[in-house]
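**Student:** The lines below spell out each chain.
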Amino acid sequence: MSAALRVEALSKSYGGVQALREVSFETEPGELVAVLGPNGAGKTTLLSILAGAQQADSGHVSVPPREVGWAPQQPALYARLTVAENLELFARLERVADPSQAVAAMLAQTGLEARAAEQLGRLSGGNRQRVNVAIALIGDPPVLALDEPSASLDPAQRERLWEFVAALARAGTTVIFSTHGPGEAQRHADRVLVLDGGRVTFDGTPGGLIARAGGGEDDLERALVSFLGGDRGAPA
Amino acid sequence: MRSLLRKDLLILRRSRLTVALLVLYPVAIALLIGFAISRTPSRPHVAVVDETAPGETVEVGGRRVAVSSYVDGLFRGVDATRVPTRARAVQEVSSAKVIAAVVIPPDIAAKVSSATVQAEVEVIYNGNALEQSLVSSQLRSALAEANLGFSEQIQRAAAQAIELLLRGGNLGVLGAPSNLIGLDRIPALLQKEIARMPPGPDRKALQQVARFATFAAQNLNVSKRVLATVGQPIKIRSTLLDGRRTPLDTFAVVVAVTVSLMFLGVLLAAGAIALEREENALARLIRGLVSRETLLLEKILLSAGCAFLVALAMLAGVGAFVSVDWARIGQWLAALACGAVAFAALGVAIGALAREVRAASLLAFAVSLPLAFLALVPAGAVGHGFYDAIGVISFVFPFKAALQALDAAVNGAHPALPGPAAHLLGLTVLFAVLARVGLQRAS
Numbered sequence: 011m012s013a014a015l016r017v018e019a020l021s022k023s024y025g026g027v028q029a030l031r032e033v034s035f036e037t038e039p040g041e042l043v044a045v046l047g048p049n050g051a052g053k054t055t056l057l058s059i060l061a062g063a064q065q066a067d068s069g070h071v072s073v074p075p076r077e078v079g080w081a082p083q084q085p086a087l088y089a090r091l092t093v094a095e096n097l098e099l100f101a102r103l104e105r106v107a108d109p110s111q112a113v114a115a116m117l118a119q120t121g122l123e124a125r126a127a128e129q130l131g132r133l134s135g136g137n138r139q140r141v142n143v144a145i146a147l148i149g150d151p152p153v154l155a156l157d158e159p160s161a162s163l164d165p166a167q168r169e170r171l172w173e174f175v176a177a178l179a180r181a182g183t184t185v186i187f188s189t190h191g192p193g194e195a196q197r198h199a200d201r202v203l204v205l206d207g208g209r210v211t212f213d214g215t216p217g218g219l220i221a222r223a224g225g226g227e228d229d230l231e232r233a234l235v236s237f238l239g240g241d242r243g244a245p246a
Numbered sequence: 088m089r090s091l092l093r094k095d096l097l098i099l100r101r102s103r104l105t106v107a108l109l110v111l112y113p114v115a116i117a118l119l120i121g122f123a124i125s126r127t128p129s130r131p132h133v134a135v136v137d138e139t140a141p142g143e144t145v146e147v148g149g150r151r152v153a154v155s156s157y158v159d160g161l162f163r164g165v166d167a168t169r170v171p172t173r174a175r176a177v178q179e180v181s182s183a184k185v186i187a188a189v190v191i192p193p194d195i196a197a198k199v200s201s202a203t204v205q206a207e208v209e210v211i212y213n214g215n216a217l218e219q220s221l222v223s224s225q226l227r228s229a230l231a232e233a234n235l236g237f238s239e240q241i242q243r244a245a246a247q248a249i250e251l252l253l254r255g256g257n258l259g260v261l262g263a264p265s266n267l268i269g270l271d272r273i274p275a276l277l278q279k280e281i282a283r284m285p286p287g288p289d290r291k292a293l294q295q296v297a298r299f300a301t302f303a304a305q306n307l308n309v310s311k312r313v314l315a316t317v318g319q320p321i322k323i324r325s326t327l328l329d330g331r332r333t334p335l336d337t338f339a340v341v342v343a344v345t346v347s348l349m350f351l352g353v354l355l356a357a358g359a360i361a362l363e364r365e366e367n368a369l370a371r372l373i374r375g376l377v378s379r380e381t382l383l384l385e386k387i388l389l390s391a392g393c394a395f396l397v398a399l400a401m402l403a404g405v406g407a408f409v410s411v412d413w414a415r416i417g418q419w420l421a422a423l424a425c426g427a428v429a430f431a432a433l434g435v436a437i438g439a440l441a442r443e444v445r446a447a448s449l450l451a452f453a454v455s456l457p458l459a460f461l462a463l464v465p466a467g468a469v470g471h472g473f474y475d476a477i478g479v480i481s482f483v484f485p486f487k488a489a490l491q492a493l494d495a496a497v498n499g500a501h502p503a504l505p506g507p508a509a510h511l512l513g514l515t516v517l518f519a520v521l522a523r524v525g526l527q528r529a530s
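Chains as they are written, first to last, in my numbering: chain A, 11 to 246; chain B, 88 to 530.
Not one of these hints is a red herring.
Computed beta-carbon distance windows for the label pairs:
1) B:442 x A:229: 32 to 42 Å
2) A:165 x B:457: 49 to 59 Å
3) B:104 x A:165: 30 to 40 Å
4) B:516 x A:38: 44 to 54 Å
5) A:181 x B:100: 36 to 46 Å
6) B:416 x A:27: 53 to 63 Å
Partial list, derived from the structure: chain A residues whose beta carbon lies under 7 Å from chain B:
7) 62
8) 63
9) 75
10) 76
11) 84
12) 86
13) 88
14) 90
15) 99
16) 102
17) 103
Since the hints were made in silico from the structure, they are not lab data. All residues carry an ideal CB built from backbone N, CA and C; glycine is no exception.
Chain A with its partners taken away, still in its complex shape (with noise of 0.2 Å):
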């Protein structure tokens, strides 16, 4: 099977901070990947640059940024404008086809058609962030790049958000997703991305990682804090 997205070299630095350094990777279509690491390891940059937010200093990405859907850690949406107003704008933007059908399509698909005309700024955290992946999805992007998704959703939000992430998945989409909890990732994702330091220091599935710890753990988050060192905290 080919690659959905192929990453060579990556490098990126701000200042004297070197945030990437030679990230390497390649996702089949369909697979979900978790990238895993501490505060400061690089995820918020990796997933900026896939969605060309940013620009690495060095390196390439296989797939343009037009055709990679970016939900942002912050919700980036228009407090002013409805969910709808602030849908169609990037329909419109991501040139879509038909921008009020998409529109349509997303509220229901996320669930947020009662909630259609009411500004974003009434909204909950949990409803913008949904709004704020919805807005990734508009232009339906064969690539996602989803950083800490969950955050700000309740558990029932949060399991309507992996169900729907799981559907798209299922369908074809390559979904790459940071998070704070590696449970999440235990458990939604096919494959995990461990940065530490801007490097990639582990490539592989959640029982691998698992196996790499030491073994001796069942669950995810053990393994993470035993495979980064165990003295430096609770993995972000």
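Fit chain B to the supplied structure of chain A, relying on the hints for placement.
**Tutor:** Chain B in isolation, oriented as in the chain A frame:
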């Protein structure tokens, strides 16, 4: 571009307080500045104590000038209230009912008539250093006007006395003989007598007297002109170098409209670009959906369009009260458009530096207001070096050029519209480039 414009207009429509502030605040500031500029300085409220006797006159060569003419002159220069005594005047100043008092002493007529002792009036004032400076300067000006008027009357009286000496008649001075012969007739009468006299020492002596009389008559004639010169040594003749004179009230309109144009253009553009960062939408937009150039162009067009419409409405509204030439409306539109675009470009350059709308608005306000005031500082009001520095600052920001463009468009003032318009378009490009660099750094 159209989607972004529609989005920004929707956001503006829903931000009623912001829009109200954006429109009303600049208009209020502009009207205040225009009002301050168009008003001539108010006359100081002054108490006047006239201690001279009623009907007191100054005697000049047998002519009399009423001291009350000096008081009348002073009354024209100030908003005067007569008070009976110096003590009452001091009380009025102390209680701040008047800003100063002028005491005209009883001996003023005697001193002016003596022609040896300079007469004095006393000025009493109070208040802090700024008030003292203002009062002092306004009163000096009013007193100088009164002095000038008074000295003109004295000159006229002196000139009449000289005229009588030259032409003859009744001097009107106590003890002077009536029907005196005029000095200018004496040389001719003497020449007749000399012609009849035989040569000798008497004839020679009379010839000397005749020469003196001729010389004296000529010089007395000149002395009338000298009197006028001494009374007002230098007269002012105004020459306007370029263009035609702009009436103060229409210039004030131009300043007021330019200030509105500036605030609206700069604040709206700065806020609009900063809003993209505040909402975290900038990164999402510029990742391939919209180029940075398109984003900047959209903000410039939006802000310039709004500023243009408000300023045009303001100009048209003010035109109902102040005489403006509607035949020049084509030039108004061109000047307003150039100014609006330049201010909006400055606004996006400022907005690209700020992470949030409040910071952008504060920065835009902090930059704009001093620039407007600096551009209005007249030459000669400050030192050469400082004025040169102001000139450079005014050149690299759009306010002065926008003011010149609008003054040329509305009042036909110099420099003509094409110069300032080209300057504004150059500044638009400069600030758009700076905004582009700022946006690159921001993302």
